[in-house]
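Work out the full structure: start from the sequences and follow the hints.
Chains as they are written, first to last, in UniProt numbering: chain V, 1 to 216; chain Y, 1 to 216; chain S, 1 to 216.
Please keep in mind that the hints were generated in silico from the structure rather than gathered at the bench. A few of these clues could be false.
Identical copies look the same in the list; a pair holds intra-copy or inter-copy alike.
Here are the simulated SDA-like pairs of lysine to any residue, each with C-alpha atoms no more than 20 Å apart in a straight line [as the list claims (entries may be wrong)]:
1. K186 x D173
2. K57 x Q162
3. K214 x F81
4. K188 x D168
5. K188 x G102
6. K57 x S158
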Amino acid sequence: MSLNSIFQYFTPKDKKVFFPLFEQAANNAVVMATILVEAVNTTNPATREDLIRQIDKLENKGDEITHQLYLELGKNFITPFDREDIHQLASAIDDVADNIQGAANRMSLYRIDDFNEHIKKLSDLILQGSIELEKAIKELRDLKNKRNIADSCIRINSIENQADHIFDRAVADLFLYETDAIRLIKYKEILSSLETATDMCEDAANVMESILVKNA
Amino acid sequence: MSLNSIFQYFTPKDKKVFFPLFEQAANNAVVMATILVEAVNTTNPATREDLIRQIDKLENKGDEITHQLYLELGKNFITPFDREDIHQLASAIDDVADNIQGAANRMSLYRIDDFNEHIKKLSDLILQGSIELEKAIKELRDLKNKRNIADSCIRINSIENQADHIFDRAVADLFLYETDAIRLIKYKEILSSLETATDMCEDAANVMESILVKNA
Amino acid sequence: MSLNSIFQYFTPKDKKVFFPLFEQAANNAVVMATILVEAVNTTNPATREDLIRQIDKLENKGDEITHQLYLELGKNFITPFDREDIHQLASAIDDVADNIQGAANRMSLYRIDDFNEHIKKLSDLILQGSIELEKAIKELRDLKNKRNIADSCIRINSIENQADHIFDRAVADLFLYETDAIRLIKYKEILSSLETATDMCEDAANVMESILVKNA
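This is the structure in structure tokens:
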């Protein structure tokens with residue numbers, strides 16, 4: 001940072017700026033996950049296509065929120081938490097959204113119309129994880145209820161563990177029963193995006209745990 | 001950093017050291033992308049193999065430049081930009097080169113000889129992105145023409161968007177028309193490396209935008 | 001970090017805390033790699049399954065060590081090396097363990113029973129890399145024998161290069177001789193996890209080289 005610009009960095013607006021953006025990003029992920037659950041449960045292909053287009057648009061919105069967070073990080077010298085933690089938390093929420101959109105996009109691109117229980121269960125776990133993420137993010141603002149944040153992080157870890165097991169079983173099933181290699185590739189990629197979305201919830205939880213430790 | 005070594009970190013050589021290395025790295029990516037475009041457009045397999053070997057060697061050269069940048073970052077306490085930005089920018093340029101080499105290497109390894117329009121167009125976008133990247137990097141030295149850097153970043157973002165759409169269409173086509181699963185895997189991996197190279201140009205642009213914000 | 005918690009960060013326990021954890025993490029990777037080599041060389045499927053279960057448990061143990069390292073990083077303001085280096089070194093060792101477990105897990109999940117020379121050789125290189133990693137980590141504590149650390153890093157780089165070449169040849173062979181696309185996918189993923197484990201050894205070596213430069 002150049003010396004002649006250092007003073008503008010000291011502004012008291014840090015909390016006013018960062019928390020609303022984090023809350024918007026987390027809420028956007030919850031909305032995307034809600035629509036994903038609808039998309040894998042509907043039996044109407046046209047409805048599904050429409051839902052997937054909504055997910056696409058929300059992912060763009062999420063990108064803009066993340067970009068805004070990075071810009072604010074560049075402009076603000078004083079931040080409510082360590083800069084690195086803010087950057088990693090913003091990235092992790094963005095990665096949740098990216099992987100929801102990636103899974104939905106592949107469902108459309110690969111013309112998938114048979115949604116098995118593994119896909120439905122993983123989508124449901126992404127929604128649960130996103131909801132816990134949003135709850136924890138809302139508590140970050142004042143850190144009065146650290147116990148609540150810690151509890152959400154523990155639940156996110158447990159959700160990710162469940163997703164891991166479902167993913168492993170789903171992939172094992174594919175290799176046992178799917179004889180069409182191209183179908184196998186399609187389903188494996190969709191399962192992989194879904195599972196990665198829960199990994200990214202866990203990444204966000206890890207950053208929040210680290211923030212809790214530093215503010216103990 | 002240990003206290004007894006802190007003084008050697010304050011040397012005024014920062015600009016002399018970092019900018020030439022960044023310019024070499026960016027130029028190396030442009031040369032690699034130029035050769036890639038030649039390789040996917042030649043109809044002579046022997047010529048193509050020779051070009052791919054050249055890309056391999058340039059990737060090694062790029063690795064050395066990146067390594068040198070990291071070493072200088074370790075040795076210099078005062079840096080022209082935030083240390084994290086220098087690290088990320090060097091990594092992003094290295095990742096552009098890695099993915100160009102990865103795509104070229106797979107073309108050779110998988111004995112690909114049919115280069116469709118999607119592959120040619122993606123290679124062309126990598127070259128355009130690398131050229132914009134080099135232009136922006138050259139302007140970083142004095143930051144007199146911030147507008148030029150910002151414009152290059154905007155063009156890189158647009159190039160990455162175009163690459164995304166071509167990649168999605170190319171993969172959809174593969175799943176619709178390619179009945180040989182093994183050929184599908186080969187082409188999908190090559191397309192994926194090419195598309196990732198443009199993502200890495202965008203990563204570099206994001207770091208430069210963040211540098212601009214901090215020096216506004 | 002909040003002002004009212006800054007004082008508790010200044011404790012002289014840094015060396016007592018970080019080095020034993022790093023040594024445990026590196027040793028855990030060596031044990032995992034040793035068991036992996038056994039698993040790919042045994043002809044008894046039941047023995048192999050048992051070994052893979054052991055690798056699973058050790059990976060959990062490694063996760064706990066890494067988590068402990070991150071917690072200490074959050075709690076300690078003074079660290080023996082740059083915080084970023086500690087974080088990256090812990091991540092890299094964790095990634096070695098993750099990829100060993102990932103490869104072993106796939107061997108079990110995909111019911112692989114034919115372990116070719118490429119798989120055996122890559123497993124052996126992971127073991128060699130992990131042993132060099134542990135040697136270097138033990139020397140980090142006092143930095144008296146920097147030459148030894150540098151030598152281990154050079155050997156890790158050479159091991160990673162060998163692994164790259166074996167991986168490329170193994171994948172080329174798959175695409176030349178394997179006509180069953182599903183078997184091709186299975187083997188390619190296992191080879192990829194094994195090769196990535198040696199990449200992660202190299203990542204760890206890069207961090208240690210950077211620590212050496214800063215403490216020159």
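For a quick check of understanding: which of the numbered hints are violated here, in increasing order? The structure breaks none of the hints.
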